Amino acid sequence: MNPSTRSTYLRLAPTLGVLTILLGASLLYGLAQSFGYLTIIGESELNLTAYQNLVSGEGTAGREFWVSLAFSLWISLTSTLLSAIGALFLATLLNHRPSRLDTFALNWNLVFPHLVWGVGVLLVFAQSGLLARWAGVLGIIETPAQFPVLVRDRFGIGIIFTYIGKEFPFLTLLILALLRTQSDGYLRIAENLGATRWQRFRLVTLPLVRPALISGSLLVFAYIFGAYEVPALLGVRYPRTLPVLALESFTNPDLHARAEGMAISLIIALIVLLIAGFARAKERTSE
Amino acid sequence: MKRKILIGIILLAPLLVLGLFAFSERWFYPQPFPVNWTTETFSRLLRDVRTLKAILDSLLLAFIVSLLSLIIGYPAARVIGTQEFPGKRWVWLAIFLPTVIPPLAIGMGLSILALQTGLAGTRFGIVLAHIVPTLPYTVFTLAGVFARYDENYEYQALALGASPARIFFTVTLRLLAPGLAVAGLFAFLISWSQYLLTLLVGGGRVLTLPVLLFSAVSGGNPTTISALSLLFLAPPVLVIAATARFLGENPNEIHERI
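Chains as they are written, first to last, in the numbering used here: chain A, 1 to 287; chain B, 1001 to 1258.
Just chain B, with the same shape it has in the complex (with noise of 0.2 Å):
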């Protein structure tokens, strides 16, 4: 019991740190605690234009990211994970190679490419560089899922006489959602906490929440860049306690992701 109060008290600690800065008002040195509370500071920011379109921009982004993930890393998922081919083990270097290339090397490169191409500063350009870190790990959860799975429902659906349209809405849907989901998640997550990328690409003229943050932190007032960090908590909060079941015993490599 004392041990999961212990356990309790560490994993709100962040949480609570940033709820102390962020509800306080006039919290001078050297006073331990707030002496004033205020939810002043979140209702401007929910006021602020440029964070309600900041959030509204991160959310679109990373929806259509992780859609466009799943979209693309499907067939690909379903072959690295049900099929042995000539190759296979250079196809997967192929797509573990961007997990492991530093976002700055790619995010440089592709910041010339953007400017070249008329992709700078526009929404599309900064979905196409988030898609470099997602797409991989989209295909590997994926492909993982996929190594579970049984065709045989299917073929059993086919042989019942369904087309091919059918079965995938009726039987491989239904089968891989929970797998999907999560694939889709972690997609959301990656780019929903993406700065780097979409500083580069963006060219500071897509501001997301975390550009928003981070240029908070360079200013320096601990109140709005702990209510901002609370903002940006929010998805991943959820996301976390939807997936926790998943993530389970296994370390996940999106670790080091986010």
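Pulled out of the complex, with its shape left as it was, chain A reads as follows (with noise of 0.2 Å):
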């Protein structure tokens, strides 16, 4: 190795030293627990039975795990679908030409982590918030009861707004930024040629759009998912999202849960690693 190189993975060796010791201690632990390795409980012997229990839908964490991850990939495929049809909206709306002060306010929600993002959509959209005071006001209803439970509901409906919040301006900025790499030549040939509004649309902004909303879609949706947060904060007992449920059954005072819960985290890292890696693939393959 010449000195020149050597030097070079010498300044790389800080960086990457860090996150290879975190990472592999991180990933060997949860590997290790997730096949029963339970020191706390003199537990050595490698075992499946976590993963077993899983599958078959039995156990303490296991007997929810199909249920959560129905209810994970609702939620992720809901936010993130309506947050790309209204970015792709908005997009079309600003004419493919922001202003300083649009770009500004679609990088503003980076302000507000998604906790406070969660804390906004539970004051405005609780049965006793902003909404439902207004509508008593307005004589729409007249007890707090009777307003829709839109929040900590067997729907998940409160955590979609959320996610929706969040990821839709993020989204907006990827299109508007493919957009303003291509000339607007395509689309002043279209409407000279008499393209309507919509055809432009469909003929011309979404297939430039298509490859990075849909890689920028398969990220958001591989956030969402093995997101905690969120779903903790604005989510009901039953059904949970699996990162509720690998981290519940992870702090389980049953021993066996946490076994399960370890499994259930490294198969929600694995399912978000695939979609991820998909993606960039994705976006290398359009550039």
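Be aware that a few hints might be false.
[What the hints assert, rightly or not] Output of the computed footprint for chain B on chain A, the stretches with three or more beta carbons under 8 Å from beta carbons of chain B:
| hint | stretch |
| --- | --- |
| 1 | 15-23 |
| 2 | 54-61 |
| 3 | 84-92 |
| 4 | 149-160 |
[What the hints assert, rightly or not] Away from chain A, derived, C-beta distances all over 12 Å, residues of chain B:
| hint | residue |
| --- | --- |
| 5 | R1047 |
| 6 | A1177 |
| 7 | V1217 |
Bear in mind the hints are in silico, worked out from the structure with no lab data behind them.
Here the structure is a predicted model, which is why all the values come from computation and not from measurement.
Cβ coordinates follow ideal geometry from the N, Cα and C atoms, glycine included.
Both chains are given apart, each in its own frame, so use the hints to dock them into the complex.
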């Protein structure tokens, strides 16, 4: 190895070292625990019980596994789809040419961590929330209980609201950034040829942004699928999303539930990695 | 003009909602707006030792995490931003990986590691845990800065006889200052809003502001929740206002980390 190559790798060493040690140790301990290696109760025999429980729907956490998987998929899919549609709509509305104020506005929600955005949804949409109060004043409802349950509801509506609010500005920025790099020639030609607004959208804008929108949406989907805070805050006891089920089993006093919790968490990570990897690969081929 | 006002309202609406609840006093259903206003909730929080400690702890942790991320990430970012070398793709992938794996999976493994090494419940353990999500962003942000950096200024200083230390402080640092500031502020923001890793490694023994806020939400007093949220939002508002120019028109994946 010549000196300059060596110095290159030496400079990479601190970052790669720190990340590899932390990530590697975390993964090893995680895998060990999911295979039933629990030093606290002196269990050192490795087994696949946790994974078998999940697949067959048995055990403390395993019982809920398939329901939670379906619930997680429902929330991630709905939030992502609605965000993507909203982003397409807004990007088209801004006519491909956002002002500085528009981009600032779209970046603005960075100010609100997911946690606070969830709090906002709670304050506005809960049965004693702002909307319920206003509906009461307008005489639409008489008691708070008549207001529909939109937060901490069985369908995860409050969770989906929170994610749409956070993710759709991000996807809008993504689309706008892509459109900015294209000349607006196609649009003008289409306009000159007499294409309607809808035709311009369907035949020009949509094909241009589709690859980036799909890979961006996959990343958003992967993020939501693996996120804990918002569903923990705005969800109900049953059904729970996979991350909530994983963490609550992991901290369960019943030590056997811990292995299952860890196994669920690793399965989530694997799914998220596959989706994100697929998104990256797609991004590369579209470049 | 109308459009500017509309956007302004949309931007301020979340803050207004939080403010409405935070400054209200005995706001009963179905009053559409609070009848009585008070600053008592805020002054109570700011007198409360636990809250004050949480604010201080959060600030300190975020500051140390961003500083460490900059120091650890700087050499790697420089190499990635300015050089081509064999295996660059793999290096990039290795740094990218922690940004995709959910904090849940990382945190659960790290909490066992922390228990085994005696770092559970310590601030140092939490700093280490926070570095996992912040370091990659620091490296990528700085690598982008280095890609537009002209190393010739350094060579010129060298030719004029400046020492390496002098070159670093008078040439490199000054040219890179804005980029370093943005990378540091992003790292600060990610650490500041981190709930899960703090909880898992801190085991509830280190109470940061997000940990307090989360348990307040489960408790359910809207006035306290809103006031805590506003306190929690103060640094991000300042950071985004300061970096708005750099965020510019590119979608930044930091959206998914906060």
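Verification of the hints:
Residues of the stretch 15-23 of chain A with a Cβ under 8 Å from some Cβ of chain B number 7, which satisfies the need for three, so the listed coverage holds. Evaluation of the coverage hint for the stretch 54-61 of chain A: breached, as 0 residues show C-beta separations to chain B shorter than 8 Å, against a requirement of three. Counting residues of the stretch 84-92 of chain A whose CB lies closer than 8 Å to any CB of chain B gives 0, so the stated coverage by that chain is violated, three being the minimum. Using a Cβ-Cβ cut-off of 8 Å, 0 residues of the stretch 149-160 of chain A lie near chain B, which falls short of the minimum of three, so the contact claim is violated.
At roughly 22 Å, the least C-beta separation between B:R1047 and chain A is larger than 12 Å, which holds for a residue marked as non-interface. B:A1177, annotated as away from the interface, keeps every beta carbon of chain A farther than 12 Å; the closest lies near 21 Å. With a least CB separation of 6 Å from chain A, B:V1217 falls inside the 12 Å interface cut-off, contrary to its annotation.
Consistency with the previously given hints fails for numbers 2, 3, 4 and 7, ordered from lowest to highest.
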